[in-house]
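Please dock the two separately framed chains into a single complex, following the hints provided.
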Amino acid sequence: MRKKLEGNGLWESSRMMLPEHKERILEVNHELVRKEQPILDPYKWEEINERLSDAYRNGEAVRLVLWDPFENRSITGMITKLDVLAYRILIAGQWVKLSGILEVEFA
Amino acid sequence: MQLYIDTSIQITDILRTYSDLVEPYSIDEQFIDITGSLKLFGTPTEIAQAIQDDVRNATGIYTRLGISYSKVTAKMACDLWAKKNKDGLFVLRKEDLPTTLWPQPINKMFMVGSRMTAHFTSMGLPTIGHLAQTPLAELKRMMKKKFNKNCDIDAELYWRMANGIDDSPVSPYTHEEAPKSVGHQMTLPRDYRTLDEIKVILLELTELVCQRCRSMGYMGFVISVGCQGADFERPTGFYRQMKMPEPTNVTNQVYHAAVELFKQHWQKLPVRKVGVSLSQLSNEEEYQLSLFDERERFRLLEKTTDALKQKYGSTAIMRAVSVTEMGQAKDRAGKIGGHYK
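One line per chain: the protein sequences are A and B, in this order. The C-terminal residue of the first sequence carries number 107 in my numbering, and the numbering is unbroken. The C-terminal residue of the second sequence carries number 341 in my numbering, and the numbering is unbroken.
Note that these hints are calculated values from the structure, not bench results. Wrong hints could be hidden among the right ones.
Dumping the calculated SDA-like pairs for lysine to any residue here, alpha-carbon to alpha-carbon at most 25 Å [as the list claims (entries may be wrong)]:
#1 A:Lys22 to B:Asp79
#2 B:Lys335 to A:Ser14
#3 A:Lys35 to B:Glu177
#4 B:Lys146 to B:Pro235
#5 B:Lys140 to A:Met78
#6 B:Lys303 to B:Gly217
#7 A:Lys44 to A:Arg34
#8 B:Lys146 to B:Pro103
#9 B:Lys180 to B:Val222
#10 B:Lys243 to B:Glu177
#11 A:Lys22 to B:Gly334
#12 B:Lys335 to B:Val323
#13 A:Lys22 to B:Asp196
#14 A:Lys22 to B:Lys140
#15 A:Lys22 to B:Ala137
#16 A:Lys4 to B:Lys341
#17 B:Lys146 to B:Ser168
#18 B:Lys180 to A:Gly7
#19 A:Lys4 to B:Asp152
#20 B:Lys149 to A:Glu6
#21 A:Lys4 to B:Asp53
#22 A:Lys22 to B:Asp20
#23 B:Lys268 to B:Gln280
#24 B:Lys140 to B:Phe110
#25 A:Lys4 to B:Asn252
#26 B:Lys180 to A:His30
#27 B:Lys84 to B:Asn163
#28 A:Lys22 to B:Val323
#29 A:Lys3 to B:Leu157
#30 A:Lys4 to B:Gly334
#31 A:Lys4 to B:Phe147
#32 B:Lys311 to A:Glu31
#33 B:Lys39 to B:Asp53
#34 A:Lys4 to B:Lys145
#35 B:Lys273 to B:Asn252
#36 B:Lys149 to B:Ser224
#37 B:Lys83 to A:Glu31
#38 B:Lys108 to A:Asn8
Chain B with its partners taken away, still in its complex shape (with noise of 0.2 Å):
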């Protein structure tokens, strides 16, 4: 997985010598903004061209790439056409929307699964041209009426990527912003059917998600713990949330709000898959004294297990409970997003 990583790397490098505006946006996907570069480069299409042979060349990768005016729709030009045709590239204009995007069937926008597909369906929208002249306040009150509930923004979401209008700029330093949210989650190798096996991997999680939080300097106040069960078909488990009684970043503190909070939904169920994460981050240096704390004495704890762990790896030292079968933690320290690194 790490090669996947440096590769990516390699490949925006190669991006930025024909833009400084390139984003990464997965592991194998990239915006870049070429508007600057057209007097220097030539034409969009002779742009791609450049980049697929240099990044053939210097990686053996074949790239493709959907060029368009916005993000959205240069990602639909990639994701529908560019995948799929020889030379792996596909230009999607403003003004070909009605004959290009429109006719397709609705689950091939971005950003509509296999659930809202089934909701637009039935809504009398199977096409994103369908969804596209639909009027924007006719579209809430549809959505309203079909959801129970006021879902006004993901309604203009999902008008606005049919009639092909984004503008959001392709953001280089998109990934500096502080996060909203820390989390983990893990899939087991089997399913874990008692509360003291899961306790073991909500402690495992819930350590990462702290050890990442001090990193970073912050702060969670809201834990959130989910599962779900191995039948992906027949979806089992939960995602729950709550609010500590106060902001912490301190593994013992976290994990208890998580085993209630994990208590209080799970229905019995065998699990494979858990993830913990907090939110409504703050700054660790700042926060309320309340009478009963210990995080101070936590922290110093705390500090000397993270500075170990930084210097010789994450499994220098571990909780007693990682080493059990149970545990996935020295597993997991060989692996990146699931994969062995």
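Okay, chain A solo, but in the shape it has when bound (with noise of 0.2 Å):
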């Protein structure tokens, strides 16, 4: 239980408050942590894409770090498909464009 005497618990307990303006004030916040995809470094790009090679190539698996506007994720697997053309591997049952990799570890 949260306690009247500690933390914020005074105004916690006391506030009134339309769950309507709650939900927007929520919404809000969520805004306020939106960030840019940030720009790789070309030497990044190439780190990324020799990783990206070298794990297909030999069947190891990668952890990627993926962009979220938001928070980024992650997706560990294999890589079983590369589509050169449409710049998009197959990762873990799932396609992920390759402008979205932030990060490539050997798992």
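So this is what it looks like as structure tokens:
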């Protein structure tokens, strides 16, 4: 149980908030953490490409860090297909665009 | 009402240009911590004036600001002085509490309503200063005697406020914390007198509560039901709770519990306000299976009705009783906080 005498307890227990207002506050707060996609250095690009093709050729599992405007996510698995024309790879059953990859680590 | 919410958010945005520590406290009150902004924007009073100007220019609204070293004193600075003086600003300093806050009658203190005013007055504490200067241990003893139960936490809360002690931080993300309960209440357009009529409202409220729980992924273990008569001077009604056999967010299950609870405590008096809430919330993904569990079956159905409501509005699919004369769901769907959108 959150206590009235600790932290923000006094104000959390006393405030009158419309659910619709709270919902908007959460939406706005969520938007505040939206970030732009970083532009990767050409060397970084090269590294990503090399690691991807190594992993594909050797059948090694990798962990990819994928860009997201709110929270980057990661995906781990083996690369089973390379689609060079569409700039995408099939990893752990999911198609991932190369342009969204920020990091490749050998798992 | 939507305009009030939009404007409130707009003002939050303006405050954020002065500090990232902004906490909306209600539709028309917000806290801002400018400790880290003083070097950039000037003295607290200068910043407050700039905020007043910015908000007035952007929205046409005249804001009043209480300036102080803590949230509770800022709130009282605003309510007691800034709202009443000409420039809408007031600075309440810690060292000035004995000469400013303490002479004020006890009913001016934050969180002291008419009932507590009567209690404190009868305890020989007519002003905030009297309360502040009572040793805490003594106050705890006095309140315990007065209310015939241990009130240590409340005693300390009042005592701290009277002394201007409040270490709670301005918390921008306070609204992201998981709620302790999910509830809805409704003031009815007329007195409802029979159980059949009231059951319609209980069902509609339960539906709203459960729907919100489902959308947040919670189940509730404890159901609370309350009602109130029309005459607020002579209050009638009750507010009671009970534990259900298992945590749930299935409307039908919660509704049956709500009706049972209501029948137990209702004294057949006319009712003007009804509330239903669920507490002891838990994650709906994790629960103990029981032998005659119907939740899974209901869950599928309610997922569908919830999706319909989300897509086409909350009146897209309704319980049949809601279209009777007793039903309020349709009217309520057009309102926010009891006011038309």
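When the hints from earlier in the document are held up against this structure, which numbers fail? 5, 13, 14, 15, 16, 17, 21, 23, 25, 28, 30, 37
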